[in-house]
Amino acid sequence: MNSKITISQYVESVKNGDFTVEEFSLQILENINKFEKKLHSYISINDDIIKQAKMIDLKIKSQEKLGQCMGVPISIKDNICIHGIKTTCGSKLLKNFIAPYDATVISKLKKEDAIFVGKTNMDEFAMGSTTEFSAYGLSRNPWNVDYVPGGSSGGSAVSVSSSESLCSLGSDTGGSIRNPASFCSVVGLKPTYGLISRFGLISYANSMEQIGPMTKTVKDAAFLLNIIAGIDSKDNTTVYNNNENYLSNLDIDLKNKKIGIISEMMGKDADKKVLNATYEAISKFEELGAKCDFISFNTVNYALAAYYIITSAEAGSNLARFDNVIYGGFKLDANGYDFNTYISKIRKNFGKEVIRRMIIGGFIPSSGYVGRYFIKALKIKSKLIMELNKILNNFDVVLSPTVPVMPFKFGEKQDSLSMYLIDLNTVLSNLTGTPAISIPFKFDNGLPIGMQLMTKAMQEKLLLQFAYALEKITNINNIPSIN
Amino acid sequence: MITKLDIDNIAKAMRIEINSTDQYIDDIQTVIQYFTMLDNVDVNSIQIELPETNLKNLRNDEHIEYDNKLIYAFKSYKNFIRSPKLI
Amino acid sequence: MIKIGLEIHCQLTTIKSKLFCSCDSNHRKYKPNLNTCPICLGIPGTLPLINKNAIKKSLLLALALNCKIPEKTLFCRKNYFYPDLPKNFQITQFNMEDKHSSIGYEGHVAIENKIININRIQLEEDPGRINYVKISDKSKLTLIDYNRSGVSLVEIVTQPDFSNNVEIKEFLSYLSNLLIQLDISDPTLPGAMRTDVNISIDDHNKIELKNINSIHDLEKAVDFEIVRQSNFITRNLQIQQETRHWDEKRKITTLARRKEDEQDYRYIIEQDIPSITISPYLISKLKNKIPENIKSKKSHYMKFGISNQVLDTILSDLYYTRLFESAFDGQNAKNIANIIATDLIRYLNTDEKKSKSKLTATHLIRLSELIDTNKIKRDLIKNILRQAIVTGNSIDVILNELKLHKTLDEDKLSIIIDNVIESEHDLIKKININPNVINYLIGKIMKKAGNVQPKTIINLLNTKIKLNVKK
Numbered sequence: 001m002n003s004k005i006t007i008s009q010y011v012e013s014v015k016n017g018d019f020t021v022e023e024f025s026l027q028i029l030e031n032i033n034k035f036e037k038k039l040h041s042y043i044s045i046n047d048d049i050i051k052q053a054k055m056i057d058l059k060i061k062s063q064e065k066l067g068q069c070m071g072v073p074i075s076i077k078d079n080i081c082i083h084g085i086k087t088t089c090g091s092k093l094l095k096n097f098i099a100p101y102d103a104t105v106i107s108k109l110k111k112e113d114a115i116f117v118g119k120t121n122m123d124e125f126a127m128g129s130t131t132e133f134s135a136y137g138l139s140r141n142p143w144n145v146d147y148v149p150g151g152s153s154g155g156s157a158v159s160v161s162s163s164e165s166l167c168s169l170g171s172d173t174g175g176s177i178r179n180p181a182s183f184c185s186v187v188g189l190k191p192t193y194g195l196i197s198r199f200g201l202i203s204y205a206n207s208m209e210q211i212g213p214m215t216k217t218v219k220d221a222a223f224l225l226n227i228i229a230g231i232d233s234k235d236n237t238t239v240y241n242n243n244e245n246y247l248s249n250l251d252i253d254l255k256n257k258k259i260g261i262i263s264e265m266m267g268k269d270a271d272k273k274v275l276n277a278t279y280e281a282i283s284k285f286e287e288l289g290a291k292c293d294f295i296s297f298n299t300v301n302y303a304l305a306a307y308y309i310i311t312s313a314e315a316g317s318n319l320a321r322f323d324n325v326i327y328g329g330f331k332l333d334a335n336g337y338d339f340n341t342y343i344s345k346i347r348k349n350f351g352k353e354v355i356r357r358m359i360i361g362g363f364i365p366s367s368g369y370v371g372r373y374f375i376k377a378l379k380i381k382s383k384l385i386m387e388l389n390k391i392l393n394n395f396d397v398v399l400s401p402t403v404p405v406m407p408f409k410f411g412e413k414q415d416s417l418s419m420y421l422i423d424l425n426t427v428l429s430n431l432t433g434t435p436a437i438s439i440p441f442k443f444d445n446g447l448p449i450g451m452q453l454m455t456k457a458m459q460e461k462l463l464l465q466f467a468y469a470l471e472k473i474t475n476i477n478n479i480p481s482i483n
Numbered sequence: 001m002i003t004k005l006d007i008d009n010i011a012k013a014m015r016i017e018i019n020s021t022d023q024y025i026d027d028i029q030t031v032i033q034y035f036t037m038l039d040n041v042d043v044n045s046i047q048i049e050l051p052e053t054n055l056k057n058l059r060n061d062e063h064i065e066y067d068n069k070l071i072y073a074f075k076s077y078k079n080f081i082r083s084p085k086l087i
Numbered sequence: 001m002i003k004i005g006l007e008i009h010c011q012l013t014t015i016k017s018k019l020f021c022s023c024d025s026n027h028r029k030y031k032p033n034l035n036t037c038p039i040c041l042g043i044p045g046t047l048p049l050i051n052k053n054a055i056k057k058s059l060l061l062a063l064a065l066n067c068k069i070p071e072k073t074l075f076c077r078k079n080y081f082y083p084d085l086p087k088n089f090q091i092t093q094f095n096m097e098d099k100h101s102s103i104g105y106e107g108h109v110a111i112e113n114k115i116i117n118i119n120r121i122q123l124e125e126d127p128g129r130i131n132y133v134k135i136s137d138k139s140k141l142t143l144i145d146y147n148r149s150g151v152s153l154v155e156i157v158t159q160p161d162f163s164n165n166v167e168i169k170e171f172l173s174y175l176s177n178l179l180i181q182l183d184i185s186d187p188t189l190p191g192a193m194r195t196d197v198n199i200s201i202d203d204h205n206k207i208e209l210k211n212i213n214s215i216h217d218l219e220k221a222v223d224f225e226i227v228r229q230s231n232f233i234t235r236n237l238q239i240q241q242e243t244r245h246w247d248e249k250r251k252i253t254t255l256a257r258r259k260e261d262e263q264d265y266r267y268i269i270e271q272d273i274p275s276i277t278i279s280p281y282l283i284s285k286l287k288n289k290i291p292e293n294i295k296s297k298k299s300h301y302m303k304f305g306i307s308n309q310v311l312d313t314i315l316s317d318l319y320y321t322r323l324f325e326s327a328f329d330g331q332n333a334k335n336i337a338n339i340i341a342t343d344l345i346r347y348l349n350t351d352e353k354k355s356k357s358k359l360t361a362t363h364l365i366r367l368s369e370l371i372d373t374n375k376i377k378r379d380l381i382k383n384i385l386r387q388a389i390v391t392g393n394s395i396d397v398i399l400n401e402l403k404l405h406k407t408l409d410e411d412k413l414s415i416i417i418d419n420v421i422e423s424e425h426d427l428i429k430k431i432n433i434n435p436n437v438i439n440y441l442i443g444k445i446m447k448k449a450g451n452v453q454p455k456t457i458i459n460l461l462n463t464k465i466k467l468n469v470k471k
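Residue numbers (my numbering), protein chains in the order written: chain A, 1 to 483; chain B, 1 to 87; chain C, 1 to 471.
Take these hints with a grain of salt, some might be off.
[What the hints assert, rightly or not] To be clear about the criterion: a stretch of chain C counts as covered by chain A if any three or more of its residues have a C-beta under 8 Å from a C-beta of chain A, and this derived list gives those stretches:
id, stretch
1, 47-53
2, 81-87
3, 92-106
4, 271-278
[What the hints assert, rightly or not] Straight line, CA to CA, 20 Å or less: simulated PhoX-like cross-link-like pairs of lysine-lysine:
id, chain 1, residue 1, chain 2, residue 2
5, B, 56, C, 289
6, A, 59, A, 111
7, A, 472, A, 258
8, A, 37, A, 273
9, C, 72, B, 56
10, C, 114, B, 78
11, B, 56, C, 56
12, C, 444, C, 412
13, C, 289, B, 85
14, B, 78, C, 134
15, B, 69, C, 31
16, A, 111, A, 15
17, C, 3, C, 114
18, A, 234, A, 110
[Claimed, not checked] Take a look, some chain A residues computed to stay more than 10 Å from chain B by CB distance:
id, residue
19, 13
20, 44
21, 137
22, 261
23, 323
24, 338
25, 443
Simulated from the structure, these hints should not be mistaken for lab results. Every residue gets a Cβ at the ideal spot worked out from N, C-alpha and C, and that includes glycine.
Same shape as in the complex, but just chain A:
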């Protein structure tokens, strides 16, 4: 049996009785046994996978009504709550936090009979682009284990790429789905802000982040999106999506469709290999009959600064609750400490990157600076939304490299700013609340390069259609041989 198949192939095979859910789950567990020591996709693994697989097999046997996932083994980023299961956010502060409820996306997947393989590794509280900042050790890139897998949903990307799961849910605040998708050569979709309920997603920067699918193919991403999208009474920021079917009608003709390329996202700091790959992608789209044009979008130059200002300020507030008073990872007795000393000692256990952002996040909204940085960043955000909308009135989608640099080795990027610059092309869709997808495009010296497509809010369908077309024409092998 081939464990390196897509969701649609899996569902078809289970329906046809080619293999049982249990057999496939065993295969996934075997892959985990083989690769996990090297790759470290997971922070924790579900002990009951086989039990749950057997139950679904029983349902199939007795012809009970079955959800459309039919036991698809899915991995979940460890900042999404599953009832009764540890949810650590890659942090020591939550090492003993057992979620007392299911996130909305989890309830929806449970209803469709998905099986949760485990909770995937991530940069602590999703702050990072390499998964090096996890308190539980780093994850490795399956294409070359000396290289970072990207982040912060690095564990999710690695688990999908290495077939330690069939698909995954990540979260994306400034590229955290698309960046590791690009580095590991999987598909990663950051949906429109409000399309997916954030109930049960532990907040880092709540005005920007969305849960999204990470899969082997565009079709698989559409499959998962169908399940997890939609308005939720547990999240006031969700919006109605008309019960869109994202899977249907993916294959369209791109003739005379318009694609914009923002010059500022193809700047002088970008890697030549990445730029060349992007030019190739442009030609591919032109082969398909689309019209590609370069455009200038000057405000994009300020996007990264605005992004880090807003996210740091929100993170400072969102992470304030982690003080070990009601729940937490530490058995530190409250005796003998006053509240402030106690929680400061507890919070000392945040990782260095989190502490850095908390200090920046404490500084930004402080009186005297709030106008200069925070309010200004919010205004730039509004300006970006306005101007991007204008651009998207003239173009169907915007194309760019997902990440302006090639995957790099561990420890290669040392200072914060050069690390932050990796997010240059991904933050725009978070700031504007628009959907964006990263699609595997090519390899250079065995390292993946992904392409990013963006479009107007709530136009996921259109985005998936363009992504599907590119995927079909490139037709690359994205199964790594792990050494």
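Since the structure of chain A is already known, use the hints to place chains B and C on it.
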């Protein structure tokens, strides 16, 4: 420019004990310096736009008791949450 | 010149659920932490789900206080670390630079001799309660109960337009009436209404007073603070801008923190709650709900000869107001008001008693009729009310019972019995032999005493006979 003393004070305000400011100062200064590029943008005419909703989309006023009494899952003292002392 | 401003926090006690979750808004009736859920305990991954009724009720108040209403309302986070807020921030409203955030602003209220301007009205969450429990001589525990965490609070901020306690009292009584009449809050519930004060004299620095728990203490605190500040000024000392706490036991204000120690709350916009558009339609609908303002209501009732004090007593309590209004027919206004404010108030002085009481407006209407036709004496009213509260029987039934069992004074009965015993001395000796003797005696006593319950006679007679026999 943000100083060592500033960082000490902010860390205190954010309730994070840090051993030495030295390991943070360079990075944080560089990042804050990067932010100052915003000083060059004129956004005076821009209004902050936020996602909007209508009253009818909001939660109805109903009392629904939460059935899993969470307090028993936490380290409680006679049903109370114990906090370190407040001065 | 003395300038005093108020910041009044008032719980929306009339709504069913908390501001951001479906836990009970009436947090007072639960064991510690049993009125909580993941949202009000700040469990990671949960999001605030705003209560539409809280928005409506606070808008109603804003309109009643003649405020301007923003087209959209949004929320902010006030960030500070304190264990009564499980998230270590409070969701509230705050104008950030040019971004307006309130339920209403620039309102005003006319009291006796002046206009009090309302700065703003905002909606926010109440924190949990902190308890200190002594476990030994040396140590006490800090224990938190989050049952109150997330209950809706409206904050009313006035301009410093007050200059003395009389005005403050008048305003607060007006506000209480308003909250009750519009069914927004019952400020008589413990902790439902809390007031902070700021006071300055002439151009000197402003002092904020916190931790004041009753209107009574508020007056004392204001008086104390005015004297304290005046002393500083006459001695040419600088008044520091600071926050002071009212010390309830010692009846003085003490320094809480100086201005330079004020926390920076690092406000940010609460993006988990979208900006809420307030339609002109909703505003006009709410405006129609405001019947006539409380002032005209009070003056309306005053026309019926009810005293100011009696009306204040009734209108500051929702239960009494409703009782009064359902019994009211114009002619009986004064009687009804007096019965409530002088008699009923003694028996129904707690919420529990009010809710258990079987007394209705019908009782009061009949009582008033009886008073008008002089068929009832004032001293009987208390007795009748007590019966009506317990039994719910009609006034006429109660009256009949009372007449029937109308007892002579025990003293008088005692004398009658003594006389009978005296005159029937020989018969009494046979009392243990012949059971008819006792009946004969009772009959004789009843003839003289009238309608007295036989049981009362038997009891008294028996004791007296025993004594007599011993003699």
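Item to check | Index of numbered hints that the structure contradicts, given in increasing order | outcome: 8, 10, 13, 23, 24
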